[in-house]
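**Q** Protein chains in written order, with the numbering used here: chain G, 1 to 435; chain S, 1 to 435.
Hints in this document: simulated from the structure, not taken from any laboratory. Every value quoted in this text rests on a predicted model; they were computed, and no experiment measured them. Cβ coordinates follow ideal geometry from the N, Cα and C atoms, glycine included. There could be a bad hint or two in this list.
Facing chain S, according to a computed beta carbon distance under 8 Å, are these residues of chain G, among others [stated by the list, open to error]:
hint	residue
1	ASP7
2	GLY62
3	GLU116
4	SER137
Below, in silico cross-link-like pairs of lysine to aspartate or glutamate (DMTMM-like), each with a Cα-Cα straight-line distance of 25 Å or less [stated by the list, open to error]:
hint	chain 1	residue 1	chain 2	residue 2
5	S	LYS2	G	GLU286
6	S	LYS2	G	ASP261
7	S	LYS207	S	GLU286
8	G	LYS2	S	GLU286
9	S	LYS403	S	GLU351
10	G	LYS207	S	ASP7
11	S	LYS60	G	ASP419
12	G	LYS170	G	ASP120
13	G	LYS2	S	GLU162
14	S	LYS29	G	GLU75
15	S	LYS2	G	GLU173
16	G	LYS2	S	GLU210
17	G	LYS2	S	ASP261
18	S	LYS368	S	ASP398
19	G	LYS22	S	GLU286
20	S	LYS22	G	GLU99
21	G	LYS367	G	ASP154
22	G	LYS60	G	GLU46
23	G	LYS207	G	ASP89
24	S	LYS2	G	GLU121
25	S	LYS326	S	ASP89
26	G	LYS60	S	GLU46
There are 2 protein chains.
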Amino acid sequence: MKTALSDLGQRTAPPPISWLMKAALARPKLISLAVGFTDNATLPVEASRRLLNQILHSAKTGQPALQYGTTAGEETLRQLTATHLQKLDGGHDRAYSPERVIITGGSQQLLYMTMEALCDEGDLVLVEDPTYFVFLSILQSRGLRARGVRLERDGLDLAHLEKVLTQLQKSGELRRVKALYLVTYFQNPTGATTTLAKKCAALALLKRFERAAGHPIYLLEDAAYRELAFPGRADLPVSQAEPPLGPTTPPTALTMPGARDRVIYAGTYSKPFATGVRVGFGILPEPLFTAVLRIKGNHDFGTANLLQHLLARALADETYDRQVVKARHNYARKACVMKSALVKYFPASVEIWEAAGGLYFWARLPKKISAGVNSKIFQTALKHDVLYVPGELCYADDATRRKPANEMRLSFGNASTADIREGIRRLGAVLRKFV
Amino acid sequence: MKTALSDLGQRTAPPPISWLMKAALARPKLISLAVGFTDNATLPVEASRRLLNQILHSAKTGQPALQYGTTAGEETLRQLTATHLQKLDGGHDRAYSPERVIITGGSQQLLYMTMEALCDEGDLVLVEDPTYFVFLSILQSRGLRARGVRLERDGLDLAHLEKVLTQLQKSGELRRVKALYLVTYFQNPTGATTTLAKKCAALALLKRFERAAGHPIYLLEDAAYRELAFPGRADLPVSQAEPPLGPTTPPTALTMPGARDRVIYAGTYSKPFATGVRVGFGILPEPLFTAVLRIKGNHDFGTANLLQHLLARALADETYDRQVVKARHNYARKACVMKSALVKYFPASVEIWEAAGGLYFWARLPKKISAGVNSKIFQTALKHDVLYVPGELCYADDATRRKPANEMRLSFGNASTADIREGIRRLGAVLRKFV
Numbered sequence: 001m002k003t004a005l006s007d008l009g010q011r012t013a014p015p016p017i018s019w020l021m022k023a024a025l026a027r028p029k030l031i032s033l034a035v036g037f038t039d040n041a042t043l044p045v046e047a048s049r050r051l052l053n054q055i056l057h058s059a060k061t062g063q064p065a066l067q068y069g070t071t072a073g074e075e076t077l078r079q080l081t082a083t084h085l086q087k088l089d090g091g092h093d094r095a096y097s098p099e100r101v102i103i104t105g106g107s108q109q110l111l112y113m114t115m116e117a118l119c120d121e122g123d124l125v126l127v128e129d130p131t132y133f134v135f136l137s138i139l140q141s142r143g144l145r146a147r148g149v150r151l152e153r154d155g156l157d158l159a160h161l162e163k164v165l166t167q168l169q170k171s172g173e174l175r176r177v178k179a180l181y182l183v184t185y186f187q188n189p190t191g192a193t194t195t196l197a198k199k200c201a202a203l204a205l206l207k208r209f210e211r212a213a214g215h216p217i218y219l220l221e222d223a224a225y226r227e228l229a230f231p232g233r234a235d236l237p238v239s240q241a242e243p244p245l246g247p248t249t250p251p252t253a254l255t256m257p258g259a260r261d262r263v264i265y266a267g268t269y270s271k272p273f274a275t276g277v278r279v280g281f282g283i284l285p286e287p288l289f290t291a292v293l294r295i296k297g298n299h300d301f302g303t304a305n306l307l308q309h310l311l312a313r314a315l316a317d318e319t320y321d322r323q324v325v326k327a328r329h330n331y332a333r334k335a336c337v338m339k340s341a342l343v344k345y346f347p348a349s350v351e352i353w354e355a356a357g358g359l360y361f362w363a364r365l366p367k368k369i370s371a372g373v374n375s376k377i378f379q380t381a382l383k384h385d386v387l388y389v390p391g392e393l394c395y396a397d398d399a400t401r402r403k404p405a406n407e408m409r410l411s412f413g414n415a416s417t418a419d420i421r422e423g424i425r426r427l428g429a430v431l432r433k434f435v
Numbered sequence: 001m002k003t004a005l006s007d008l009g010q011r012t013a014p015p016p017i018s019w020l021m022k023a024a025l026a027r028p029k030l031i032s033l034a035v036g037f038t039d040n041a042t043l044p045v046e047a048s049r050r051l052l053n054q055i056l057h058s059a060k061t062g063q064p065a066l067q068y069g070t071t072a073g074e075e076t077l078r079q080l081t082a083t084h085l086q087k088l089d090g091g092h093d094r095a096y097s098p099e100r101v102i103i104t105g106g107s108q109q110l111l112y113m114t115m116e117a118l119c120d121e122g123d124l125v126l127v128e129d130p131t132y133f134v135f136l137s138i139l140q141s142r143g144l145r146a147r148g149v150r151l152e153r154d155g156l157d158l159a160h161l162e163k164v165l166t167q168l169q170k171s172g173e174l175r176r177v178k179a180l181y182l183v184t185y186f187q188n189p190t191g192a193t194t195t196l197a198k199k200c201a202a203l204a205l206l207k208r209f210e211r212a213a214g215h216p217i218y219l220l221e222d223a224a225y226r227e228l229a230f231p232g233r234a235d236l237p238v239s240q241a242e243p244p245l246g247p248t249t250p251p252t253a254l255t256m257p258g259a260r261d262r263v264i265y266a267g268t269y270s271k272p273f274a275t276g277v278r279v280g281f282g283i284l285p286e287p288l289f290t291a292v293l294r295i296k297g298n299h300d301f302g303t304a305n306l307l308q309h310l311l312a313r314a315l316a317d318e319t320y321d322r323q324v325v326k327a328r329h330n331y332a333r334k335a336c337v338m339k340s341a342l343v344k345y346f347p348a349s350v351e352i353w354e355a356a357g358g359l360y361f362w363a364r365l366p367k368k369i370s371a372g373v374n375s376k377i378f379q380t381a382l383k384h385d386v387l388y389v390p391g392e393l394c395y396a397d398d399a400t401r402r403k404p405a406n407e408m409r410l411s412f413g414n415a416s417t418a419d420i421r422e423g424i425r426r427l428g429a430v431l432r433k434f435v
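From just these sequences and the hints, can you work out the full model?
**A** Written out as structure tokens, the structure reads:
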């Protein structure tokens with residue numbers, strides 16, 4: 001008897017990182033620089049307790065938080081989200097409309113539903129090389145194709161984007177291209193931040209190819225790490241070679257002329273506030289907003305109201321802002337520890353992309369050396385109880401180029417500073433054997 | 001320029017009830033017997049505050065609740081869920097394995113992901129006539145077809161199920177049938193509960209047709225209202241014609257021999273505990289469990305941990321049980337008020353399906369009289385500021401039969417007892433004009 005599973009059900013692969021997690025569980029002494037968890041010690045335990053007590057202190061505020069809400073999300077939170085984004089964009093005069101905001105179960109849900117609303121099986125999405133691997137899993141599961149565009153330290157390689165679009169036009173595949181997906185701030189996995197000029201140029205390029213595509217090509221801006229910019233750089237021993245990225249991050253692509261109908265913005269409160277409080281949001285142009293809203297009606301008809309009320313209160317009384325400042329200082333400190341350890345323990349031939357925010361550093365070994373899942377380096381590192389994410393897992397399946405295997409994502413989000421130091425020391429010792 | 005939306009994005013219809021909700025907002029004095037919200041006054045405001053204070057009192061318990069968890073769900077909650085179900089099934093000796101439990105964002109998410117894992121566009125799902133309308137929206141959005149099977153007061157009409165399966169076999173469509181979807185306890189919209197004997201017979205029938213289908217046909221048991229059984233019946237003025245349904249509901253289909261590989265169970269903590277705390281769960285056989293788990297990895301890689309920790313604590317210290325008892329008594333009282341009002345104000349020719357639990361009564365007018373969205377009855381009721389869900393919205397699109405339009409779903413979940421009485425009085429007055 002055959003399986004009853006759908007094509008999607010049969011096709012969906014296990015998450016590439018799940019066996020890494022299993023490997024971690026099997027070795028209790030393992031130091032994981034792989035996991036994308038946030039820092040435990042700075043989680044807002046006390047603040048959440050205080051806010052939840054305020055909410056649940058009376059029936060008047062408690063009952064609405066424990067009741068169903070609407071599919072688009074709690075009105076106050078939608079408004080606060082619009083205001084919050086406007087503030088992040090430096091009070092940019094373009095007001096964000098709460099009517100275009102949808103509150104979701106983390107930004108992951110927004111990414112998923114956007115792909116549902118936009119892409120049929122076989123459609124193409126342009127992604128950064130490398131990119132966020134769970135986004136790649138969405139594409140894999142849904143039978144979508146990805147085309148990788150080279151990533152530089154300040155964002156997309158625009159010449160390569162133009163080349164890819166031109167090739168797709170020549171091969172008649174441009175009509176299958178629906179979106180360009182960019183993780184624009186302190187990118188997962190590389191830590192790179194895309195400049196506003198590059199976002200602007202990318203959007204213009206997409207526009208130019210729209211006529212040949214016959215339909216809009218959207219810029220999907222994933223800003224998950226946006227608020228985790230390190231405060232200033234003076235307090236950090238940063239090499240002079242690094243671009244002087246301050247605490248102010250570039251505005252979102254939403255601020256650009258012509259963006260209103262073409263930019264989808266995916267944001268989240270989970271990473272800056274608490275990852276156990278899964279609340280993300282999207283700002284979407286029509287007709288996508290309506291389509292995604294209807295799809296969400298079928299997914300869950302609204303994100304848990306209690307979490308939305310918690311976040312709305314945190315934003316309103318600035319608990320949220322204080323928590324973000326705390327998180328930023330904390331990650332800056334941990335990044336600093338990792339940086340020092342990398343300088344001390346890693347061979348000089350390893351190129352480090354040092355992030356100015358977020359949770360990750362990116363390490364590039366000399367080209368011919370593999371740090372992939374089956375490499376001696378990865379296996380030896382595991383034997384020495386240290387785990388990283390092999391960079392190759394962050395590259396889309398794209399037959400037009402080989403996946404580089406010489407890279408590593410190093411996370412300083414969850415490990416203690418002692419573990420970061422010791423983990424990098426162990427990894428450095430392994431690398432010195434093979435590099 | 002054409003739209004870039006996918007087939008799904010273009011196809012997905014607005015929820016049938018969204019305009020009802022808008023109509024409600026436009027009339028501030030409107031009494032809504034339409035909305036499926038739970039009762040505000042019994043929401044566990046105080047209990048949730050106490051439990052959240054316990055969780056967030058120390059870093060030791062607070063931090064894990066505010067951190068990411070695993071995709072399948074928090075281990076303690078999965079274990080407690082397995083134990084809880086075993087208890088609901090009367091300590092049935094078949095132990096439920098926590099390894100088969102997946103925690104979801106409400107049971108709605110489980111229904112959605114199950115359809116993703118099981119059905120390709122054009123596949124068929126058998127549903128009750130009538131059934132839960134948001135499940136029908138999932139089918140509509142995903143391009144799936146539904147076939148309605150008549151519902152009796154004690155569950156599915158088995159002869160009709162057999163007839164439908166036989167017809168599908170003859171027309172060569174049996175291979176497209178993937179599942180039978182049943183809302184087995186105090187069904188939405190009719191309040192009907194399916195007997196164990198009928199679940200057993202339905203499962204046997206599906207098995208019989210599997211060989212011709214060439215693949216398993218699953219029984220998807222949606223038990224969303226299971227725990228909202230009214231306590232005893234002695235305290236209620238129940239007509240003698242009603243079957244004596246006590247507080248003990250039939251065991252789930254999972255308890256039946258041969259069910260292990262064919263029954264999918266969708267449950268929820270949201271409705272019995274708090275609808276603002278969206279936590280549902282599923283028990284799934286392989287290969288569905290693995291497929292749904294992978295899909296959830298792409299949807300959100302795990303339900304908000306804070307909510308899971310809250311529920312786990314509520315289950316462990318019996319706060320949950322106390323809340324359920326409170327809710328059951330409260331809904332029994334409200335159902336009793338609605339029943340009395342129906343007896344007093346509705347014409348005798350209207351047949352009432354009185355529920356022994358859940359949130360809904362079902363009213364059937366004489367066959368030729370329409371209570372549909374465009375009917376005089378619905379419009380006049382709206383003019384008199386009372387809203388119900390037209391029964392026709394709960395019937396699948398199924399060309400093999402006409403949708404009955406003579407029915408109404410009447411909810412006593414959210415309205416106050418005074419509003420229930422007054423709403424039924426107004427509705428009765430309208431009906432007396434037209435029936």
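**Q** Run every hint past the structure and note whether it holds.
**A** Going through the hints against the structure:
| no. | hint | verdict |
| --- | --- | --- |
| 1 | ASP7 | holds, 6 Å |
| 2 | GLY62 | holds, 3 Å |
| 3 | GLU116 | holds, 6 Å |
| 4 | SER137 | holds, 5 Å |
| 5 | S:LYS2 - G:GLU286 | holds, 13 Å |
| 6 | S:LYS2 - G:ASP261 | holds, 14 Å |
| 7 | S:LYS207 - S:GLU286 | holds, 17 Å |
| 8 | G:LYS2 - S:GLU286 | holds, 13 Å |
| 9 | S:LYS403 - S:GLU351 | holds, 18 Å |
| 10 | G:LYS207 - S:ASP7 | holds, 23 Å |
| 11 | S:LYS60 - G:ASP419 | holds, 20 Å |
| 12 | G:LYS170 - G:ASP120 | holds, 21 Å |
| 13 | G:LYS2 - S:GLU162 | holds, 22 Å |
| 14 | S:LYS29 - G:GLU75 | holds, 21 Å |
| 15 | S:LYS2 - G:GLU173 | holds, 16 Å |
| 16 | G:LYS2 - S:GLU210 | holds, 10 Å |
| 17 | G:LYS2 - S:ASP261 | holds, 14 Å |
| 18 | S:LYS368 - S:ASP398 | holds, 20 Å |
| 19 | G:LYS22 - S:GLU286 | holds, 20 Å |
| 20 | S:LYS22 - G:GLU99 | holds, 16 Å |
| 21 | G:LYS367 - G:ASP154 | holds, 21 Å |
| 22 | G:LYS60 - G:GLU46 | holds, 23 Å |
| 23 | G:LYS207 - G:ASP89 | holds, 23 Å |
| 24 | S:LYS2 - G:GLU121 | holds, 18 Å |
| 25 | S:LYS326 - S:ASP89 | holds, 20 Å |
| 26 | G:LYS60 - S:GLU46 | holds, 12 Å |
Of the numbered hints stated above, none is contradicted by the structure.
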